[in-house]
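A.B. asks: Note that the protein sequences, when read in sequence, are chains A and B.
For the first sequence, my numbering begins at 44 and goes up steadily by one.
For the second sequence, my numbering begins at 77 and goes up steadily by one.
No lab work stands behind these hints: they were computed from the structure.
Ideal Cβ positions, reconstructed from N, Cα and C, are used throughout, including at glycine.
There could be a bad hint or two in this list.
[To be verified] Here are the simulated distance ranges between beta carbons: (1) B/181 with A/349: 30 to 40 Å; (2) A/345 with B/189: 55 to 65 Å; (3) A/345 with B/152: 48 to 58 Å; (4) B/181 with A/351: 34 to 44 Å; (5) B/181 with A/266: 53 to 63 Å; (6) B/163 with A/286: 46 to 56 Å; (7) A/349 with B/143: 34 to 44 Å; (8) B/252 with A/351: 29 to 39 Å; (9) A/312 with B/258: 31 to 41 Å.
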Amino acid sequence: MTRAAAVLALSLLCGAQGLRAQSSAGDLMGQGVRKYQALEYDAAAALLSQSLGRDSLADSLRARALTYLAATELFRRQRDSAIVAFRQLVLLNPLYRPDELIFPPQVTNLFQEVRRTTRAIAVSVPPVSEVRPRADRFFTARVLASSLADVTVTLAQEDGTQVRQLYSGPVADSLVVTWDGLTAAGATAENGRYVLRVTPRNLTADGPRARLVMLEVKQEAPDTLPWPPELGTPPLLPDRTSSGPAFRSLAAGLVVGAAAVALPSIMAQGKDATGARFAVGAAVGISGFVGFFAHKPRPIAANVRTNTALRDTWKKKLDQVKGENANRLRSIRLVVRAGPVTIAERASE
Amino acid sequence: MKTIALTGILALTAAASGRSQERPTFAFRGDAGFVWVRSDSAVVGAGGPARMHGPVLGGEGRVLFNGFAVGVGLLSGTLQATDQTVKRDLIEGRLVVAARPLPWLEMSIGPFVRAYITDTSTERWVFWQARARVDAPIVAASLTSYLELWRALSSEVNLVTGAGRMQGGEAGLVYRPPQRPYRLRLAYRLDDAAVGGGRRGSQTLEAISVSVIVGGW
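Generate the whole structure from the sequences, applying the supplied hints.
C.D. replies: Following this line, the structure appears as structure tokens:
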């Protein structure tokens with residue numbers, strides 16, 4: 044009980060600390076914004092810098108903090124610092140634009156100037172997508188560029204084997220790239236981990252770096268119909284007469300014939316007997332062979348016709364099920380779960 | 077033994093009559109055959125030859141009801157020694173009560189009398205038989221083989237030595253021609269009788285016969 048209470052208390056403490064760290068970064072940014080609005084630029088710059096120093100600041104707040112910091116630095120006549128802040132902002136989100144109703148033209152003009160000179164790309168993917176190969180449901184990735192850029196978008200397996208090139212060409216502002224769930228060979232992608240890579244075609248030392256998104260692909264096969272049960276007897280009828288009666292007849296003839304021959308040995312202790320028993324024994328034995336051939340299995344025409352019809356019906360049903368299953372399998376579903384966007388190392392580019 | 081046999085007959089007939097709700101049917105069989113008798117005892121057939129043979133004629137009638145049958149049979153012929161010096165008449169008669177506990181199995185019981193008659197003497201055997209017959213169809217409803225074994229429950233003979241163990245068997249074939257009301261039978265029969273407990277020899281009768289059967293047997 045004591046241990047459980049201690050663990051609970053520790054968990055609550057850790058949770059509260061995390062919450063406090065996040066809220067304090069946001070608070071710092073809020074205070075910085077208020078100082079900016081109050082024209083206390085030094086205090087604003089300090090608070091905003093502090094808030095940006097916290098890792099817990101979300102990207103949307105970080106973009107806002109960078110905008111206010113750049114404006115603050117511009118009004119503090121620290122143009123270089125403002126440019127650095129705007130460059131960070133462009134790299135963070137190439138599509139972000141300062142609100143022209145909030146910031147004066149000198150701020151937005153500087154931002155546009157930085158944006159034109161800072162080449163940045165980004166990629167945005169939905170966390171979970173459902174793809175239907177050969178149907179009209181695609182995986183979509185949005186490629187963003189701060190300025191005109193040539194990019195290549197590829198999908199590769201985790202080990203680097205390329206699966207498909209999705210796009211190669213210019214991106215002026217943003218571009219939606221789609222993937223239909225197929226490989227370059229036209230096959231449906233197998234289950235596994237894939238890497239969506241957005242790479243600038245002209246890599247430079249100060250240029251943008253490739254963006255990677257880890258994709259977890261899982262096939263979800265549709266339900267298929269069971270095959271019709273194999274035909275047995277019944278409903279199939281015997282195609283031929285049974286061989287049982289033939290062998291029973293033969294056995295009866297041979298056993299009784301042999302018994303006739305052996306009667307003196309069995310009943311009269313092997314005393315010398317006449318040959319009459321051989322005549323009867325032979326007659327009965329031959330009758331057994333006659334019975335065997337009379338009962339020899341032969342086709343039953345009516346049953347053969349009935350069975351042929353049954354088999355044809357069963358085969359048609361089987362073909363229908365196969366066709367339906369093939370249709371269903373063609374509409375296989377892929378569930379694509381996207382991980383966070385990461386930036387490639389220079390060496391790996 | 078005789079008591080047991082009588083009890084068996086009474087039980088079978090009582091059961092048959094107790095269940096007799098169907099109208100009885102009749103069946104007849106006429107036999108023509110050839111008999112061989114061999115005696116290796118000095119007593120049996122004393123004064124006569126050791127080997128005899130001759131043709132025989134016979135028949136049996138049965139009343140059938142509810143799977144039971146009561147029948148009376150008779151067979152007669154003249155036997156002659158191999159050297160044709162001695163003749164004997166052979167007469168056999170029997171009463172049988174039969175039942176079919178299974179379609180392929182017939183059990184029967186009844187007294188059997190066999191007599192060898194000369195001008196001066198008659199050698200008479202009387203014994204009670206218990207018989208079991210198995211039918212084995214070869215071609216359904218038209219060709220059937222059968223095997224019948226029997227053993228005497230008791231036996232008597234008017235010889236000084238007395239009778240001993242008696243047993244025998246019969247194997248044959250019954251053919252029903254298509255669209256005909258009768259059946260044809262080919263049979264081989266062997267009866268063996270020990271004399272004086274087997275210490276004094278034995279008498280063996282073999283017969284081959286062709287029969288015509290009318291009615292459900």
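A.B. asks: Give a verdict on every hint.
C.D. replies: Going down the list of hints, with the structure as the test:
1. Take residue 181 of chain B and residue 349 of chain A: their Cβ atoms lie about 37 Å apart, and the range 30 to 40 Å holds.
2. Hint check: residue 345 of chain A to residue 189 of chain B, Cβ distance near 57 Å, so the stated range 55 to 65 Å holds.
3. Checking the proposed 48 to 58 Å range against residue 345 of chain A and residue 152 of chain B shows it holds: the Cβ atoms sit about 54 Å from each other.
4. Under the hint 34 to 44 Å, the C-beta atoms of residue 181 of chain B and residue 351 of chain A, about 43 Å apart, fit the expected range.
5. Between residue 181 of chain B and residue 266 of chain A the beta carbons are some 60 Å apart, a value that agrees with the proposed interval 53 to 63 Å.
6. Range check, residue 163 of chain B to residue 286 of chain A: about 54 Å between beta-carbon atoms, so the 46 to 56 Å window is met.
7. The hinted window of 34 to 44 Å between residue 349 of chain A and residue 143 of chain B holds, with their beta carbons roughly 38 Å apart.
8. Checked against the hint of 29 to 39 Å, the pair residue 252 of chain B and residue 351 of chain A passes, with Cβ atoms roughly 37 Å apart.
9. Range check, residue 312 of chain A to residue 258 of chain B: Cβ separation about 37 Å, and the 31 to 41 Å hint holds.
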